[in-house]
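Visitor: Dock chain G against chain W, hints included.
As given, the protein sequences belong to chains W and G, one line each in that order.
Following the numbering used here, the numbering of the first sequence begins with 1 at its first residue and continues without gaps.
Following the numbering used here, the numbering of the second sequence begins with 1001 at its first residue and continues without gaps.
If you are wondering where the hints come from, they were derived from the structure by calculation, not from laboratory data.
All C-beta atoms, glycine included, are put in the ideal place defined by N, C-alpha and C.
Worth double-checking, as some hints may not be accurate.
Chain W regions said to be covered by chain G (calculated; three or more residues, Cβ under 8 angstroms) [to be verified]:
#: 1; stretch: 53-59
#: 2; stretch: 101-112
#: 3; stretch: 173-180
#: 4; stretch: 242-254
#: 5; stretch: 451-460
#: 6; stretch: 512-526
#: 7; stretch: 544-551
Here are the computed lysine-lysine pairs in the DSS-like style, where the Cα-Cα straight-line distance is at most 30 angstroms [as the list claims (entries may be wrong)]:
#: 8; chain 1: G; residue 1: Lys1465; chain 2: W; residue 2: Lys542
#: 9; chain 1: G; residue 1: Lys1293; chain 2: G; residue 2: Lys1261
#: 10; chain 1: W; residue 1: Lys261; chain 2: W; residue 2: Lys118
#: 11; chain 1: G; residue 1: Lys1367; chain 2: W; residue 2: Lys410
#: 12; chain 1: W; residue 1: Lys261; chain 2: W; residue 2: Lys391
#: 13; chain 1: W; residue 1: Lys118; chain 2: W; residue 2: Lys293
#: 14; chain 1: G; residue 1: Lys1437; chain 2: G; residue 2: Lys1391
#: 15; chain 1: G; residue 1: Lys1410; chain 2: G; residue 2: Lys1437
#: 16; chain 1: W; residue 1: Lys261; chain 2: W; residue 2: Lys293
#: 17; chain 1: G; residue 1: Lys1410; chain 2: G; residue 2: Lys1367
#: 18; chain 1: W; residue 1: Lys391; chain 2: W; residue 2: Lys367
#: 19; chain 1: W; residue 1: Lys367; chain 2: G; residue 2: Lys1410
#: 20; chain 1: W; residue 1: Lys367; chain 2: G; residue 2: Lys1367
#: 21; chain 1: W; residue 1: Lys465; chain 2: W; residue 2: Lys542
#: 22; chain 1: G; residue 1: Lys1410; chain 2: G; residue 2: Lys1488
#: 23; chain 1: W; residue 1: Lys488; chain 2: W; residue 2: Lys465
#: 24; chain 1: G; residue 1: Lys1391; chain 2: G; residue 2: Lys1367
#: 25; chain 1: W; residue 1: Lys542; chain 2: G; residue 2: Lys1118
#: 26; chain 1: G; residue 1: Lys1465; chain 2: G; residue 2: Lys1542
#: 27; chain 1: W; residue 1: Lys465; chain 2: G; residue 2: Lys1118
#: 28; chain 1: G; residue 1: Lys1118; chain 2: G; residue 2: Lys1391
#: 29; chain 1: W; residue 1: Lys488; chain 2: W; residue 2: Lys437
#: 30; chain 1: G; residue 1: Lys1542; chain 2: W; residue 2: Lys118
#: 31; chain 1: G; residue 1: Lys1488; chain 2: W; residue 2: Lys488
#: 32; chain 1: W; residue 1: Lys437; chain 2: W; residue 2: Lys367
#: 33; chain 1: W; residue 1: Lys391; chain 2: W; residue 2: Lys465
#: 34; chain 1: G; residue 1: Lys1293; chain 2: W; residue 2: Lys465
Next come the chains, spelled out residue by residue.
2 protein chains.
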Amino acid sequence: MSHPHPDLAPPPPLAEGGLRVVALGGLGEIGRNMTVFEHDGRLLVVDCGVLFPETEQPGVDLILPDFEYIRGRLDAIDALILTHGHEDHIGAVPYLLRERPDIPVVGSRLTLALLQAKLAEHRIKTVPVEVAEGDRRSFGPFDCEFLAVNHSIPDALAVAVRTAAGLVLHTGDFKMDQLPLDGRLTDLPGFARLGAEGIDLLMSDSTNAEVPGFVTSERNIGPVIDDVFRTAQERIIVACFASHVHRVQQVLDAAVANGRKVCFIGRSMVRNMGVARELGYLTVPDEIMVEQKEIDNVPPDRLVLVCTGSQGEPMSALSRMANRDHQIRVTERDTVVLASSLIPGNEESVNRVINGLTRWGARVVHKGNALVHVSGHSSAGELLYVLNVTKPSNFMPIHGEWRHLRAHAKLASLTGVPDENIVIAEDGVVVDLVDGKARIVGAVPAGYVYVDGLSVGEVTETSLKDRRILGEEGFVSIVVAVDSTSGKLLAGPEIHARGAGIVDEDFDEVLDRIEAVLRDAAADGVNDSHQLSQLIRRTVGKWVNETYRRRPMIVPVVVEV
Amino acid sequence: MSHPHPDLAPPPPLAEGGLRVVALGGLGEIGRNMTVFEHDGRLLVVDCGVLFPETEQPGVDLILPDFEYIRGRLDAIDALILTHGHEDHIGAVPYLLRERPDIPVVGSRLTLALLQAKLAEHRIKTVPVEVAEGDRRSFGPFDCEFLAVNHSIPDALAVAVRTAAGLVLHTGDFKMDQLPLDGRLTDLPGFARLGAEGIDLLMSDSTNAEVPGFVTSERNIGPVIDDVFRTAQERIIVACFASHVHRVQQVLDAAVANGRKVCFIGRSMVRNMGVARELGYLTVPDEIMVEQKEIDNVPPDRLVLVCTGSQGEPMSALSRMANRDHQIRVTERDTVVLASSLIPGNEESVNRVINGLTRWGARVVHKGNALVHVSGHSSAGELLYVLNVTKPSNFMPIHGEWRHLRAHAKLASLTGVPDENIVIAEDGVVVDLVDGKARIVGAVPAGYVYVDGLSVGEVTETSLKDRRILGEEGFVSIVVAVDSTSGKLLAGPEIHARGAGIVDEDFDEVLDRIEAVLRDAAADGVNDSHQLSQLIRRTVGKWVNETYRRRPMIVPVVVEV
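Excised from the complex, chain W in its bound form:
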């Protein structure tokens, strides 16, 4: 198995007739999936998603792929193919379309509908190309065939890309529920047919490659939800992802069976379920739906609220209910169901929500105590089926952190893919498929681009480093006004400390020290504000460290008057 050297050089030009594959996201992380294929001078992009920040990226709203690699060649893009409608696959599309609005965007009916709703908020119009499983369409030199895959959102697709360089199968995200609720199976026969034709490169979803066995059918959640409904005392509050149409369908079915009304709460839930219902992916009997403003008219034991917030997002309705900071006051007669996964990184906040709800006595049902969630991604058992059926010449695990990519690579090796044909790449690593062999040939920049408020890319690693220091230690700012010629102190020093845990009474000592330092400096004829700042920074930093053993950010300001 080949894997990237930490210091790969920029790649050489792509060999004539070869196919270049560069993931700008999704390799080494779960999220911001984006793969750029290049052949014969043209580009095909598969997915364009966002990554949600961890605590290491404080204050950031979203993380985008870095488009720099393709920025000079946007006109060479023949299509942007979206495998499905999750944020980590479509969330960055508005940002790419800002740079070239007329990129043809290709996807299934639901995927495009969810994208349109998002683009409307960004006031962007697009050129949608609707495809369905079984379709085969060419975009420039890329001959694309679409295959049905089963996932935690309807209408997901895998894409097979044929070029002169060979046949690539990109699975997108998928699992292989053998009894899917909508009857739409992952197209294993299609995968087998491509395998028989000869797959030169398989790129397959690694998210659950470490998990042994098989994912339980989504269908098995139904009876559990039904049981919760039958035994609930009064209100039922179900939190799940706003795109999980099948999960919501099962909740609606249980509501119908148990004579309860349903109210969708939260902008994204209302929007997405509206789209899904309109397109026929969600079956909602009119008579069971109520608007949020009407819920007080429904007896608590006849009511179901379906909301987001299953990841403990602090501003979500569910978090606010847990903190008694919401008009809906949770009591010991309420049942709350967290019908979703626990995305790594959200454990603390979800735990806080569970404890908050439990404190008020609510019964909390979650994946830790009941089968109210199954994963949307194939476990190792299913991945082995795909590897065995497709028999790829080369294999590249995608969509996963290092641990998942390595685990998937091992599965490929076990099924007989030669180790030298297994390519473990990370974001930005350039893989060329030439003469039927996939090899790492270099790397291009693929750093994080941060969205924070309205700005894209203006919050940098330096800003985040500052935030981490400020967030851990606070700051101490010292302001003095000095005479610009003599350097003599005219006013101050004034100290402003925030988050540093330093009490005002302690300041006197350091103020004396600063004054002494400035007196000496003036006596020595030092009047340069930069030099004076440095003197102040050193004095205060030393004092804080001696006194408190802490290292807040020291911000000296010397105003020359």
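Guide: Relative to chain W, chain G alone:
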């Protein structure tokens, strides 16, 4: 079941002959365990531990119980009993002893030895009273009997406290390994004997009350570790808690069996294992130990490193190895074993370590893929045994978050403890045992006391709120010097922004706005620096929000010259 009203009043005086129980920590959280018993005007304290901060408490080193409730009555403390040597039970002892050094500290041999090592670092001398299982000792009006319990550290004790008010059994932390490595079983016959005598109040460890079934024996880890040792290519690096003597013993045994040398790495690991070895709790053949400076002389396939860092602590050796920021450079021939639990809140950092090590190709063995950890706390199955054997009149779940306390309360109810005699309290809630009935009678303050660097309690909730804002959004400081009489601008405005993601080129616009605002103010005769600060704050805050949709901390500084 009775549980605290959010706004409980201060408690009435304790009834004659009654026993008052107040947890200053450990109820509603996992950590800083501390219970204060009061009878006949005297106090008995059980445990005095620390809580480790979550992301909600940025920059904080430790969280202590608030001693305010007992501060005025320290002389009334007849003893401080320590159930075992974990940080969440002994970590706050130095801070309590600072306030009264001659409190008699009671504990088992290993517990006191681990405490002494800690106190030596704080330069505190104590009055230790060594006890062992089977001992019965009176401290003031508190007649205390000690019973053996099995836990993830040797020499743990439960304590039965007899007063005129009745018999209380406090389990400490425990599990019921029926084949413990040291043969020291949790004293179920002792519990049964107390049950026959009549337990008026059972206080029992709730940490794993939500987990069904029974904890696997520690003994079952041995073969798994042995298998890892037999199949490891070269170096083996084992990370575990620095107090888990039995776990380390199993690693040492595997090292002996597989002809490997062992090196302890990290201050706490070296110190604690030294103590455990000296007292005979750890058996270490001299010939297998090597010092860290000698490890380069040992062939990699003959070497085992035992270190801390299993929770992904950023400065630990293991984290630095994962980042290639340590002299030990992990390669694809190394095996790393995380032989420990994953403490809630540490998932992100542990995942980062696993991914880092995996990136360099190391084989990483952890509780997710092998039986290299078992919990130290009883699961529901074991807790039921204790409830059934002790048959308490009153029950109070301790050591747990709300979800754990409620789950444990439910188990008690299922075993027949009347609901009205099950008391779910949180920190500071006052429970009185009077006439054989335990009831909530009020509450006392029991907030978090933060240790940050050298200061205790100086970092407040306000500091933390500031840190959270600064950590998410950074700050923008605007400094002006004005004439103290006319309010006219003499110098500035100068802008200093850190962590706000605002680029210098954007400043011009807001500087113009500030100047205009100050001009208008001067024209209106406004010269009060507080008023000018408010004007600047509003101007800049509005600009940042309009321009960036962000809310950094705005820090206006008006220097009057």
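Visitor: All the hints need checking, so say for each whether the structure fits it.
Guide: For each hint, the structure was consulted:
no.: 1; hint: 53-59; verdict: holds (count 5)
no.: 2; hint: 101-112; verdict: violated (count 0)
no.: 3; hint: 173-180; verdict: violated (count 0)
no.: 4; hint: 242-254; verdict: violated (count 0)
no.: 5; hint: 451-460; verdict: holds (count 7)
no.: 6; hint: 512-526; verdict: violated (count 0)
no.: 7; hint: 544-551; verdict: holds (count 4)
no.: 8; hint: G:Lys1465 - W:Lys542; verdict: holds, 25 angstroms
no.: 9; hint: G:Lys1293 - G:Lys1261; verdict: holds, 13 angstroms
no.: 10; hint: W:Lys261 - W:Lys118; verdict: holds, 28 angstroms
no.: 11; hint: G:Lys1367 - W:Lys410; verdict: holds, 19 angstroms
no.: 12; hint: W:Lys261 - W:Lys391; verdict: violated, 50 angstroms
no.: 13; hint: W:Lys118 - W:Lys293; verdict: holds, 25 angstroms
no.: 14; hint: G:Lys1437 - G:Lys1391; verdict: holds, 14 angstroms
no.: 15; hint: G:Lys1410 - G:Lys1437; verdict: holds, 19 angstroms
no.: 16; hint: W:Lys261 - W:Lys293; verdict: holds, 13 angstroms
no.: 17; hint: G:Lys1410 - G:Lys1367; verdict: holds, 29 angstroms
no.: 18; hint: W:Lys391 - W:Lys367; verdict: violated, 35 angstroms
no.: 19; hint: W:Lys367 - G:Lys1410; verdict: holds, 19 angstroms
no.: 20; hint: W:Lys367 - G:Lys1367; verdict: holds, 19 angstroms
no.: 21; hint: W:Lys465 - W:Lys542; verdict: holds, 21 angstroms
no.: 22; hint: G:Lys1410 - G:Lys1488; verdict: violated, 70 angstroms
no.: 23; hint: W:Lys488 - W:Lys465; verdict: violated, 35 angstroms
no.: 24; hint: G:Lys1391 - G:Lys1367; verdict: violated, 35 angstroms
no.: 25; hint: W:Lys542 - G:Lys1118; verdict: holds, 28 angstroms
no.: 26; hint: G:Lys1465 - G:Lys1542; verdict: holds, 21 angstroms
no.: 27; hint: W:Lys465 - G:Lys1118; verdict: violated, 33 angstroms
no.: 28; hint: G:Lys1118 - G:Lys1391; verdict: violated, 38 angstroms
no.: 29; hint: W:Lys488 - W:Lys437; verdict: violated, 72 angstroms
no.: 30; hint: G:Lys1542 - W:Lys118; verdict: holds, 28 angstroms
no.: 31; hint: G:Lys1488 - W:Lys488; verdict: holds, 21 angstroms
no.: 32; hint: W:Lys437 - W:Lys367; verdict: violated, 43 angstroms
no.: 33; hint: W:Lys391 - W:Lys465; verdict: violated, 46 angstroms
no.: 34; hint: G:Lys1293 - W:Lys465; verdict: violated, 34 angstroms
Against the hints set out earlier in the document, violations occur for numbers 2, 3, 4, 6, 12, 18, 22, 23, 24, 27, 28, 29, 32, 33 and 34.
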